[in-house]
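Asker: The residues making up each chain are set out below.
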Amino acid sequence: MRSDRVHFPVSKAIAFSARSVRIRLGRMVVVVMGVASAVAFVVVLVALGSIMEVVYRKTGGGGGDMESLRKWWILVALLISVAGITNAILMSVTERIKEIGTIRCLGAMSRHVVLIFLFEAMFLGLVGGLIGGVLGLAGTYGYAILNYGWGLVHDAMDAWTILGFLGAAVGGSMVLCVLSAIYPVFYAASLEPADAMRYEV
Amino acid sequence: MGGGMASSDVRPTQPELIEEDYALLVEGVKKYFYMGDTVVKACDGIDLAVKRGEYVSIMGPSGSGKTTLFNIVGGLEKPTSGQVFIDKTDISKLDAYELAWLRCRKIGYVFQSFNLVPIMTALQNVTLPMIFAGFNLKERTERATHLLEMVGLGDRIHHKPTELSGGQQQRVAIARAFANGPSIVLADEPTGNLDLHTGLSIIELLIKMNRELEITIMCNTHDLKIIEASDRIVWLRDGTVSRIERRDEVHVAVGDIREARGEK
Numbered sequence: 001m002r003s004d005r006v007h008f009p010v011s012k013a014i015a016f017s018a019r020s021v022r023i024r025l026g027r028m029v030v031v032v033m034g035v036a037s038a039v040a041f042v043v044v045l046v047a048l049g050s051i052m053e054v055v056y057r058k059t060g061g062g063g064g065d066m067e068s069l070r071k072w073w074i075l076v077a078l079l080i081s082v083a084g085i086t087n088a089i090l091m092s093v094t095e096r097i098k099e100i101g102t103i104r105c106l107g108a109m110s111r112h113v114v115l116i117f118l119f120e121a122m123f124l125g126l127v128g129g130l131i132g133g134v135l136g137l138a139g140t141y142g143y144a145i146l147n148y149g150w151g152l153v154h155d156a157m158d159a160w161t162i163l164g165f166l167g168a169a170v171g172g173s174m175v176l177c178v179l180s181a182i183y184p185v186f187y188a189a190s191l192e193p194a195d196a197m198r199y200e201v
Numbered sequence: 202m203g204g205g206m207a208s209s210d211v212r213p214t215q216p217e218l219i220e221e222d223y224a225l226l227v228e229g230v231k232k233y234f235y236m237g238d239t240v241v242k243a244c245d246g247i248d249l250a251v252k253r254g255e256y257v258s259i260m261g262p263s264g265s266g267k268t269t270l271f272n273i274v275g276g277l278e279k280p281t282s283g284q285v286f287i288d289k290t291d292i293s294k295l296d297a298y299e300l301a302w303l304r305c306r307k308i309g310y311v312f313q314s315f316n317l318v319p320i321m322t323a324l325q326n327v328t329l330p331m332i333f334a335g336f337n338l339k340e341r342t343e344r345a346t347h348l349l350e351m352v353g354l355g356d357r358i359h360h361k362p363t364e365l366s367g368g369q370q371q372r373v374a375i376a377r378a379f380a381n382g383p384s385i386v387l388a389d390e391p392t393g394n395l396d397l398h399t400g401l402s403i404i405e406l407l408i409k410m411n412r413e414l415e416i417t418i419m420c421n422t423h424d425l426k427i428i429e430a431s432d433r434i435v436w437l438r439d440g441t442v443s444r445i446e447r448r449d450e451v452h453v454a455v456g457d458i459r460e461a462r463g464e465k
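Protein chains in written order, with our numbering: chain D, 1 to 201; chain S, 202 to 465.
With the rest of the complex left out, here is chain S (with noise of 0.2 Å):
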């Protein structure tokens, strides 16, 4: 299992830790939905502490808090209870505009259905961040064409989301996520909506850039195949971190997933 050796990660309050080496800390955040008289605690105390240059994949059944975690770690969701500090910052302190900054500059977005704005061509999907954090337009019409190459688009740069495949869209998404050099990449299901194939080639994608860019990245994925890719992953069941793994512990990973998928 590997849980004892895990758990010094679990616990960011423990006096040795030090903050600077850590691109993401999450302490005992609850997030609790009241639907009448039922309560749905989505998390339910997670604690998470992920390392600068980190590729951390959540792995977890759907309804165990995942996307959940994700809103919240981003700041997009404020949490019922706990904390989160991203770069040292603790983000439920920070105001309107605090918030807004760190949006921009800390933290990259990639979702499930992509979430480009349509009437943008890539380039300019991608250069959008850029503007709120105030680069001037040689600046920007650089950097994105720098990005979309690297993703693999330097001929589509021009293109409308319309006009690009699942696939493609996705990796305008993931060039614009990398957009403004944030400290961790967040990625919620963005092989959701693709095929197996295409979807392989995004997760290589975000673990290229992971390693080029040396840019943390928290990811979550159905995806078994991730696994021999992520430094660590973390299992999340009913709203609470079940288990971590580091990457040298995976040969015993394989056993655990056909356990969590119930075969076995």
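Chain D on its own, in the form it takes in the complex (with noise of 0.2 Å):
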């Protein structure tokens, strides 16, 4: 070991980890939902595959209920999405609770900036599902459109079905933010401005 170098073993960095999981704890656990809920998604499309393989080989094509093997992917995408926007929201609160403090100073009452927080939330929540519900449909379209052709997939998505969808995806990802929004606002309004203003996140 050499003296004239800076040193910080493994086993150091392993504790220092272990120790930040365990104080940001609740963060923490919505970080690993995500995490969690990405894999439960690919293990479950993986795993289910190769069953529903076997179950086509043996059953000659008879087996399969699609239609609840559909509903777990609903979920499980669910699950995700939830864990996705959790996280992010409570971030971008949290970073600003700082700012919270500042502007309850200046005379904001802890409603205002319940309000302001949670307008933002659907705006994210807007913008968010927009953009998701847009990107989703292209996708399916580029998709469905290269493996069944063009007349199917008119006949199977009229404009009342796509302006669903795009309803669907923006009213629950609106939905979704403000819920994942309400502890952390509701948390930093109820702070006294002296303790928010010397938070850390």
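Think of the hints as simulated: they come from the structure by calculation, not from any bench.
One or more of the hints may lead you astray.
Listed below are the simulated DSS-like cross-link pairs for lysine-lysine, each with C-alpha atoms no more than 27 Å apart in a straight line [said to hold, decoys possible]:
| no. | chain 1 | residue 1 | chain 2 | residue 2 |
| --- | --- | --- | --- | --- |
| 1 | S | LYS279 | D | LYS98 |
| 2 | D | LYS98 | S | LYS231 |
| 3 | S | LYS252 | D | LYS98 |
| 4 | D | LYS98 | S | LYS242 |
| 5 | S | LYS294 | D | LYS98 |
| 6 | S | LYS361 | S | LYS339 |
| 7 | S | LYS279 | S | LYS231 |
None of these values were measured; they are calculated from a predicted model.
Quick one: dock chain against chain with the hints and give me the complex.
Answerer: In structure tokens form, the structure reads like this:
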């Protein structure tokens, strides 16, 4: 070991990261949830894929409950979205708790702060929902047209169906954003201004 | 020392005291922080009276309770016990709505770390408290422009904090503190994040605002040059007022500073 170099043993790095996870437990749970549901989604797809393959072969295409499978996919996809959105909103509020303290000093009441941040969450949900909805539809169209041809896709997707998908995407996204903003926003707004200003993430 | 003379100012409960003359009265304020088994007595019975239009400096080593006193006086934190009167109003008796109004109209804050809203221009930062005070757009823009000119930033009103130096950011913060014509401006270590030269210009600016707008200022800084400019200097030690000095006692103070700094 040379004495003219800084050193930081791996064991210390492990100890540091373990402590960080322990102390920021709430945030870490959200992050872990996001990772876990994403992994779960991939695992479900891969595992079910191989099972379905066997089922298909053995039963000659008869088995396979596609409907319940689809529900599972949607549920897991939703979980991923919830974790991702909660994480993003939580971050955007907590990193600005100091700013919240400052505007409280200038005369803002708790409910003004809540209003500002809930509206912000709504905007994020609106824009995110629109972009996500359009991207998702575009991807679906691309895939479906390439595989099934324009005619079938055109029959399946009339204007109302498309609007319905977009509406559900935007609505769902806004609701999720506002729901995940409620806890951090009310927490931040309920702090005494002095506590908010010395808040560290 | 002049301690006997100053003590009449320390005790605001004396009958001859005329409340109207005071922008700020602090009576027996205590703030204890409980950390496990230990109790940290940040403020341990502080009495203080600040006259209208006065420029008072709070001095004391770090950990003497300065910032806690500022937070309590500014209604940013509740004391464990004791009372604070701003403009004759007992701030512990205010509900959330009245407290917000007090912070908005009666108190101006200047912080060590500037605390400007990063996404807003200098002008928007200064108009922000005026929005809460209910001024219309025209009034807000006029007042804020005038204030920014007063602090020497007339040519930078559309700059964002990141486009301004530390000293300039603090000038914006000072303009913001005076936005609604408060009864008192509380400056908690306004020069703490600035170099000596810039810090002095900030102190000079605070004094100029105090004289021209006749608004009371309570400021805390390590800068000893401030002594010449202050109407009074309040020394804190271990959460209590250890001494109060007037401007005309300054020559005495200089010796005391060395003593306080352990040079004597």
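Asker: Next step is simple, just say for each hint if it's right about the structure.
Answerer: Hint-by-hint comparison with the structure:
A distance of roughly 18 Å separates the Cα atoms of LYS279/S and LYS98/D; the hinted pair therefore holds under the 27 Å criterion. Proximity of LYS98/D to LYS231/S is assessed by CA-CA distance (about 25 Å); at most 27 Å being required, the pair is judged to hold. Distance check on the hinted pair: LYS252/S and LYS98/D sit about 32 Å apart at the alpha-carbon level, beyond 27 Å; violated. Between LYS98/D and LYS242/S, the direct Cα distance comes to roughly 25 Å. Compliance with the 27 Å bound is thereby established for this hinted pair.
For the given pair, LYS294/S sits about 26 Å from LYS98/D by alpha-carbon distance, which is consistent with the 27 Å threshold. For the given pair, LYS361/S sits about 21 Å from LYS339/S by alpha-carbon distance, which is consistent with the 27 Å threshold. For the proposed pair LYS279/S and LYS231/S, the alpha carbon gap of about 10 Å is at most 27 Å, so the pair holds.
Violation of the numbered hints given earlier is confined to hint 3; every other hint is satisfied by the structure.
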